[in-house]
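Trainee: As they're listed, the protein sequences go chains Z and X. In this text, residue positions in the first sequence follow full-length UniProt numbering: the first is 1, and each later residue adds one. In this text, residue positions in the second sequence follow full-length UniProt numbering: the first is 1, and each later residue adds one.
Simulated from the structure, these hints should not be mistaken for laboratory data. Here the structure is a predicted model, which is why all the values come from computation and not from measurement. Treat each hint with caution, since some may be false.
Unchecked claim - Computed cross-link-like contacts, DSBU-like style, restricted to lysine-lysine with a CA-CA straight-line distance of at most 30 Å:
#1 Lys126/Z x Lys156/Z
#2 Lys264/X x Lys151/X
#3 Lys256/Z x Lys220/Z
#4 Lys313/X x Lys332/X
#5 Lys332/X x Lys126/Z
#6 Lys126/Z x Lys151/X
Claimed, not checked - Have a look at the derived ranges for each label pair, beta carbon to beta carbon:
#7 Asp176/X x Asp221/Z: 33 to 41 Å
#8 Pro241/Z x Leu201/X: 22 to 30 Å
#9 Glu33/Z x Leu201/X: 34 to 42 Å
#10 Pro115/X x Asn103/Z: 20 to 28 Å
#11 Ala66/Z x Asp176/X: 25 to 33 Å
Glycine included, each C-beta is placed from N, C-alpha and C at the ideal position.
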Amino acid sequence: MISSASSFDRRHLLGINGLQPTEIVHLLDRAEEAVAVSRRPDKKTSVLKGRTQINLFFEASTRTQASFEIAGKRLGADVMNMSVANSSVKKGETLIDTAMTLNAMQPDILIVRHHAAGAVALLSQKVACSVVNAGDGQHEHPTQALLDALTIRRHKGSEFQHLTVVICGDVLHSRVARSNILLLNALGARVRVVAPSTLLPRGIEQMGVEIVHDMREGLKDADVVMMLRLQRERMEGAFVPSVREYFRYFGLDAEKLAHAKPDALVMHPGPMNRGVEIASDIADGPQSVIEEQVEMGVAVRMAVIATLIGQTGGPR
Amino acid sequence: MIASANQNAPFESGRPLLIENVRVVDPARNLDTHGAVLVADGKIVAAGPEVLNQGAPDGAERIDGKGLTLIPGLVDARVFIGEPGGEHLETIRTASLAAAAGGVTSIVTMPDTHPVIDDVAIAEFVMRTARDTAVVNVFPAAAMTRGLEGKEMTEIGLLKDAGVVAFTDGRHTISDPALLRRIMTYARDHGALVMHSTQDLQLTGRGVMNEGLFASWLGLPGAPAEAEIIPLERDLRLAGLTACRYHAAEVSLAESADVVRAAKRRGVKASAGVSINHLSLNENDIGEYRTYFRLSPPLRHEDDRMAIVEALKDGTIDIVHSAHDPQDADRKRRPFAEAESGAIGLETLLAAALRLHFSNDVPLMRLIETMTSAPARLLGIDRGTLIAGRPADFTLVDLDEPFLFDETMIRSKSKNTVFENARFQGRVMQTFVAGRRVYDAAATTEAEA
Numbered sequence: 001m002i003s004s005a006s007s008f009d010r011r012h013l014l015g016i017n018g019l020q021p022t023e024i025v026h027l028l029d030r031a032e033e034a035v036a037v038s039r040r041p042d043k044k045t046s047v048l049k050g051r052t053q054i055n056l057f058f059e060a061s062t063r064t065q066a067s068f069e070i071a072g073k074r075l076g077a078d079v080m081n082m083s084v085a086n087s088s089v090k091k092g093e094t095l096i097d098t099a100m101t102l103n104a105m106q107p108d109i110l111i112v113r114h115h116a117a118g119a120v121a122l123l124s125q126k127v128a129c130s131v132v133n134a135g136d137g138q139h140e141h142p143t144q145a146l147l148d149a150l151t152i153r154r155h156k157g158s159e160f161q162h163l164t165v166v167i168c169g170d171v172l173h174s175r176v177a178r179s180n181i182l183l184l185n186a187l188g189a190r191v192r193v194v195a196p197s198t199l200l201p202r203g204i205e206q207m208g209v210e211i212v213h214d215m216r217e218g219l220k221d222a223d224v225v226m227m228l229r230l231q232r233e234r235m236e237g238a239f240v241p242s243v244r245e246y247f248r249y250f251g252l253d254a255e256k257l258a259h260a261k262p263d264a265l266v267m268h269p270g271p272m273n274r275g276v277e278i279a280s281d282i283a284d285g286p287q288s289v290i291e292e293q294v295e296m297g298v299a300v301r302m303a304v305i306a307t308l309i310g311q312t313g314g315p316r
Numbered sequence: 001m002i003a004s005a006n007q008n009a010p011f012e013s014g015r016p017l018l019i020e021n022v023r024v025v026d027p028a029r030n031l032d033t034h035g036a037v038l039v040a041d042g043k044i045v046a047a048g049p050e051v052l053n054q055g056a057p058d059g060a061e062r063i064d065g066k067g068l069t070l071i072p073g074l075v076d077a078r079v080f081i082g083e084p085g086g087e088h089l090e091t092i093r094t095a096s097l098a099a100a101a102g103g104v105t106s107i108v109t110m111p112d113t114h115p116v117i118d119d120v121a122i123a124e125f126v127m128r129t130a131r132d133t134a135v136v137n138v139f140p141a142a143a144m145t146r147g148l149e150g151k152e153m154t155e156i157g158l159l160k161d162a163g164v165v166a167f168t169d170g171r172h173t174i175s176d177p178a179l180l181r182r183i184m185t186y187a188r189d190h191g192a193l194v195m196h197s198t199q200d201l202q203l204t205g206r207g208v209m210n211e212g213l214f215a216s217w218l219g220l221p222g223a224p225a226e227a228e229i230i231p232l233e234r235d236l237r238l239a240g241l242t243a244c245r246y247h248a249a250e251v252s253l254a255e256s257a258d259v260v261r262a263a264k265r266r267g268v269k270a271s272a273g274v275s276i277n278h279l280s281l282n283e284n285d286i287g288e289y290r291t292y293f294r295l296s297p298p299l300r301h302e303d304d305r306m307a308i309v310e311a312l313k314d315g316t317i318d319i320v321h322s323a324h325d326p327q328d329a330d331r332k333r334r335p336f337a338e339a340e341s342g343a344i345g346l347e348t349l350l351a352a353a354l355r356l357h358f359s360n361d362v363p364l365m366r367l368i369e370t371m372t373s374a375p376a377r378l379l380g381i382d383r384g385t386l387i388a389g390r391p392a393d394f395t396l397v398d399l400d401e402p403f404l405f406d407e408t409m410i411r412s413k414s415k416n417t418v419f420e421n422a423r424f425q426g427r428v429m430q431t432f433v434a435g436r437r438v439y440d441a442a443a444t445t446e447a448e449a
């Protein structure tokens, strides 16, 4: 992972939008190397020895923050977590002020999650180090899309143009869906979304996807079924009438999954609502690669962090 | 600047002012001619081709207008100011300096201040402050409902008698149709003009830009077109019912223009306005979350922009305004959905509008009309024309002069322009209010301070 003739020479990873397919493949290839490192008994490397990584999470997250933290530590970086609960943001400090303050501490990379679309890009304009978008509002979540692609590639090979990927659920509020639609289209996959219309964004038909409102029809010929989380406040009358109605029509159970290809992968970005968007036996079943996604998440984040810091030159 | 040095001094009435050898454009008389303009006692004596038939009056100050075009001073019907309550954003004085630099000689101020202009005392405060500090004419609009809360009618009669030219809830839209109907009915008895913004709050929801593909990719909640069209249609129906003088303050969609067109055809006494921003820009200008382009109503699709330009040309839309809305950097340097909406525009109104003339979209006469005589007529003020006897409010423009609008030129206290580094053609060289020079491009900036 140390010396790579990089075909990814950006300072930040703010989204999938704008990435070339070669850049995506480059990151996936580096992530494969990281998978091997992570499976060794001694997982620690010194690639980023002496470097500082700050995880700045304006929005609560356990899984993603832990994944970035482990990724940074396995690369040998010093990792600091800063969550909104114990930051001065609550005292009225603006995003820009926070960025300037952290920048003055000379970090090498900032991992940022924020509840507002575009906030991470805004912050990246004010700092001298690399910035990774760990999710900004309903905009993008690029490392999630990369880890999903890595998981798919390990099972289905790199010929994405032969694959049909079905994304099911709350596309409207999902940054994961946007990043995945962009990435899968960039790699040539056929992408279909299945959701009630109240959970689809305006203009979805121009986003390079097929739209199906019937899940059985939508799962036909699917190689990959990606389920999206439906947040609780959206399931009781606001966007769909009830949990039970949603599960009836859009929850992934054995009967519906039978309409997909027999070897279709079942994926979920987590955390899951068992019995809402996915039945427990499917989540834990043989087609599920949900746990593997978590493992790939660490690998992809190692690859992204190492690549971005690699761009900014050697030790100072 | 000359006026600011002695603005409380009585006008020097002894010496007439003659601008000669100039192109004179006066839409109220459909006049576009080579000629001269003679001013005395702060009023227009004559403007046109035959002014000098009797020769120049003795002792007149003479300005050679060679290469320049003289138009009536612009009347801007939608200007937000920070005074009272937000003087760090803009004062009446700084807004007036910005206006003068943009060739705007009359501004109608919105009631969205702290406290709200919903009471005679506050309206009088604005008029008094304007008299003492402003270099252009300031005509306050007052709130239609107390505190802009959309609940109780303001004292429309008393406010109108005090000098208020229009009634509006500014940025706000009254949601209760029964209340709006009563306000319109009452306003009709007083011959008062009701100017209403039409953005349905509930349908807009959390929407911060035009709903559509672009918003969806950005992950920003959108406001649907119907959030503007539905209240607009409602208002026009009520205007028909009440026979009130109604002005749709902010029309931004092709379909809104259609709705206004249909209402006018039915005989409704309605007019419509559009901001220069919506005539000049579209949603794509937001790019990567550029918060200066967050506006209300939001910037729309290019098809909408083209349709409202057409509606301006054919008279469906009556007036163009700046929607000048100063916001400081702190309120704009935020994630898009958390930033304030609004952009300043007094200084760029004319220059940006002239683009529509140079692109052959709207003829010069019509364009100037929509910013001078049309709003003046609507507001019932004796401005916006060069007819003899009227106050001598006019501006001298060099239509051939290109310029780059950069931040250092901004006279407004707030710098939130959507035209930073824009290339314009048509520069304001001098502006006069009641015969007094209030802006001179040749003068140094120190003189204005």
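Trainee: Does Lys264/X pair with Lys151/X here, judged by a C-alpha cut-off of 30 Å?
Mentor: Answer holds: Lys264/X to Lys151/X is near 29 Å, not above 30 Å.
Trainee: With a cut-off of 30 Å on the C-alpha distance, tell me whether Lys313/X and Lys332/X pass.
Mentor: violated (33 Å)
Trainee: Does the structure keep Lys256/Z and Lys220/Z at a Cα separation of 30 Å or less?
Mentor: holds (10 Å)
Trainee: Check the following: the C-beta atoms of Pro241/Z and Leu201/X are separated by a distance inside 22 to 30 Å.
Mentor: The hinted range 22 to 30 Å holds for Pro241/Z and Leu201/X, with Cβ atoms some 25 Å apart.
Trainee: Given a hinted range of 34 to 42 Å, is it respected by the beta-carbon distance of Glu33/Z and Leu201/X?
Mentor: About 53 Å separates the Cβ atoms of Glu33/Z and Leu201/X, which means 34 to 42 Å is violated.
Trainee: Check the hint pairing Lys126/Z with Lys151/X against an upper bound of 30 Å on the C-alpha distance.
Mentor: violated (44 Å)
Trainee: Need the status of pair Lys332/X, Lys126/Z: alpha-carbon distance at most 30 Å?
Mentor: The hint holds at about 15 Å.
Trainee: Could you grab the alpha-carbon distance between Lys126/Z and Lys156/Z and see if it respects the 30 Å cut-off?
Mentor: violated (41 Å)
Trainee: CB of Pro115/X to CB of Asn103/Z, is that within 20 to 28 Å?
Mentor: Since the Cβ atoms of Pro115/X and Asn103/Z sit about 41 Å apart, the hinted range of 20 to 28 Å is violated.
Trainee: Starting from the range 25 to 33 Å, see whether the pair Ala66/Z and Asp176/X falls in it by beta-carbon distance.
Mentor: About 51 Å separates the Cβ atoms of Ala66/Z and Asp176/X, which means 25 to 33 Å is violated.
Trainee: Would you say the C-beta atoms of Asp176/X and Asp221/Z sit inside 33 to 41 Å of each other?
Mentor: violated (53 Å)
The structure fails hints 1, 4, 6, 7, 9, 10 and 11 (numbered hints given earlier, in ascending order).
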